[in-house]
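Chemist: Protein sequences appear in the order of chains A and B.
For the first sequence, the positions run 22 to 235 when our numbering is used.
For the second sequence, the positions run 225 to 530 when our numbering is used.
Source of the hints: derived by calculation from the structure; they are not laboratory data.
Note that this is a predicted model, so its numbers are computed, not measured.
Using C-beta positions, here's what the derived DEER-type ranges look like:
hint, chain 1, residue 1, chain 2, residue 2, range
1, B, E309, A, R174, 46 to 54 Å
2, B, G322, A, S205, 36 to 44 Å
3, B, E319, A, T68, 54 to 62 Å
The C-beta atom is built at its ideal place from N, Cα and C for all residues, glycine as well.
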Amino acid sequence: MMHAADQAGRGTPPGGPRLTPRRDNPRGGEEQRKTVLEPDEIRRALTRIAHEILERTNGAADVVLLGIPTRGVPLAQRLAERLEQVEGRPVPAGSLDITMYRDDLRLRPARALGHTEVPTAGIDGRIVVLVDDVLYSGRTVRAALDALGELGRPRAVQLAVLIDRGHRELPIRADYVGKNLPTSQREMVRVLLTEVDGEDAVLLGASPAGREGS
Amino acid sequence: MNRHLISAGDLSLDDALLILNTADELDVVAERPVKKLPTLRGRTVVNLFYEDSTRTRISFEAAAKRLSADVINFSAKGSSVAKGESLKDTALTLEAMGADAVVIRHGASGAPHRLAGWVRGSVVNAGDGTHEHPTQALLDAFTMRRRLGRLDGLRVVIVGDVLHSRVARSNVLLLSTLGADVALVAPPTLLPVAVGGWPCSVGYDLDAALPKADVVMMLRVQQERMNAAYFPTVREYSRRYGLDADRMALLPEHGIVMHPGPMNRGVEIAAEVADSVRSTIVEQVANGVSVRMAVLYLLLGGSGAR
Numbered sequence: 022m023m024h025a026a027d028q029a030g031r032g033t034p035p036g037g038p039r040l041t042p043r044r045d046n047p048r049g050g051e052e053q054r055k056t057v058l059e060p061d062e063i064r065r066a067l068t069r070i071a072h073e074i075l076e077r078t079n080g081a082a083d084v085v086l087l088g089i090p091t092r093g094v095p096l097a098q099r100l101a102e103r104l105e106q107v108e109g110r111p112v113p114a115g116s117l118d119i120t121m122y123r124d125d126l127r128l129r130p131a132r133a134l135g136h137t138e139v140p141t142a143g144i145d146g147r148i149v150v151l152v153d154d155v156l157y158s159g160r161t162v163r164a165a166l167d168a169l170g171e172l173g174r175p176r177a178v179q180l181a182v183l184i185d186r187g188h189r190e191l192p193i194r195a196d197y198v199g200k201n202l203p204t205s206q207r208e209m210v211r212v213l214l215t216e217v218d219g220e221d222a223v224l225l226g227a228s229p230a231g232r233e234g235s
Numbered sequence: 225m226n227r228h229l230i231s232a233g234d235l236s237l238d239d240a241l242l243i244l245n246t247a248d249e250l251d252v253v254a255e256r257p258v259k260k261l262p263t264l265r266g267r268t269v270v271n272l273f274y275e276d277s278t279r280t281r282i283s284f285e286a287a288a289k290r291l292s293a294d295v296i297n298f299s300a301k302g303s304s305v306a307k308g309e310s311l312k313d314t315a316l317t318l319e320a321m322g323a324d325a326v327v328i329r330h331g332a333s334g335a336p337h338r339l340a341g342w343v344r345g346s347v348v349n350a351g352d353g354t355h356e357h358p359t360q361a362l363l364d365a366f367t368m369r370r371r372l373g374r375l376d377g378l379r380v381v382i383v384g385d386v387l388h389s390r391v392a393r394s395n396v397l398l399l400s401t402l403g404a405d406v407a408l409v410a411p412p413t414l415l416p417v418a419v420g421g422w423p424c425s426v427g428y429d430l431d432a433a434l435p436k437a438d439v440v441m442m443l444r445v446q447q448e449r450m451n452a453a454y455f456p457t458v459r460e461y462s463r464r465y466g467l468d469a470d471r472m473a474l475l476p477e478h479g480i481v482m483h484p485g486p487m488n489r490g491v492e493i494a495a496e497v498a499d500s501v502r503s504t505i506v507e508q509v510a511n512g513v514s515v516r517m518a519v520l521y522l523l524l525g526g527s528g529a530r
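Kindly generate the complete structure, drawing on both the sequences and the hints.
Modeler: Here is the structure:
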């Protein structure tokens, strides 16, 4: 069970975690937030994950990357670019919306759906790497596994996340982790990505709404 | 969104776009090997049809089943309604059976509105008298957006029996919300008295309206609802307001031809027009399932609290 993911994120980033509170949008919120990953650290984490994927999948020959909306999608694209840079051939990347498979649909008003786009090659017989920004309860990943089952039968399914913040509620683990971030359940982890938010950062702050954060 | 879908006029621009965008995402389910989503598992949808209908009932049934809801079909013929049960008593029966949504078609305008006051679940209007048919308008708008890429500023001409058409009213309300420019073309006898208050223009000359139209929507001549002579002969109606190949040639190159069905071939639409590549009639049916899935999901998929 334990492998590369375990070493990932060990040790503090150079200069240690910054404690400067940020109040500018889109970081928003009145509560204090500290930056736990800077743009360079996100870039290095993704590069390392890309290399781990290549090692564990024999050069990513049969790999299909599927990002979970919203922020898993640009992360999957970035990983695909890195895999192509190293191996010199394109690796298909797409998106997998899991809204219709969530187990908490009845707890909130109906939400807008994200976009699902499976690369034309399909997923049958391939190694699907699910990509998400934060791994927390594991419920999103469970929903993603259900959604995948309706799309085809991959040879294997792996999971890559930028942040693993712990507090799993299901027997799910990540194969590739950008950073293990020990958190309290009252804290909120926010991943900001240039494609969606205009900047790259991972923020940790107190969440007024308790478990609302991802 | 409201808890019910009674009138296309109740939808804000955001609501309407949310439904269309959701339908866009759900449309791909139809192409998958497993055409099913688990979202409405354990929910019950009742199709309560007081009027004959094939495509609308089947479309709602397929939509609910693709979302894994349980579907109960109730048609007035051969049921307790034939024995004289009132709408209210039927509604209370459905309520007792735990219906989460009631899809109702009724010959009386306003029946879904009354029903919404009697049941706890969501009410979806699947056509009430000559009043409204909001999901038809949504699937029409969805089809236009698919074919032409936009709705804002689109010029839509709706032709024919507007007086008896719930499709026309719902389309005028929805399309004006979505920013389209709607024109009605009909003989004066087939226009409602209050049409002056609708958010659209009105004309009587089809040939003059066609060259500028992005979409021409032909309405069915509803002879079963006609209790008076609204036009001299079917032949004369067809000559002035029917769409034949020569008239279709007046449309701009990208113009499309729509019809809510069922068609009277040779009356409001010529067979060669109905079967042409410009006609979206078969697409409209396929899109109907996706749009109704979106409506059912948005009404039933969440907590119900807004």
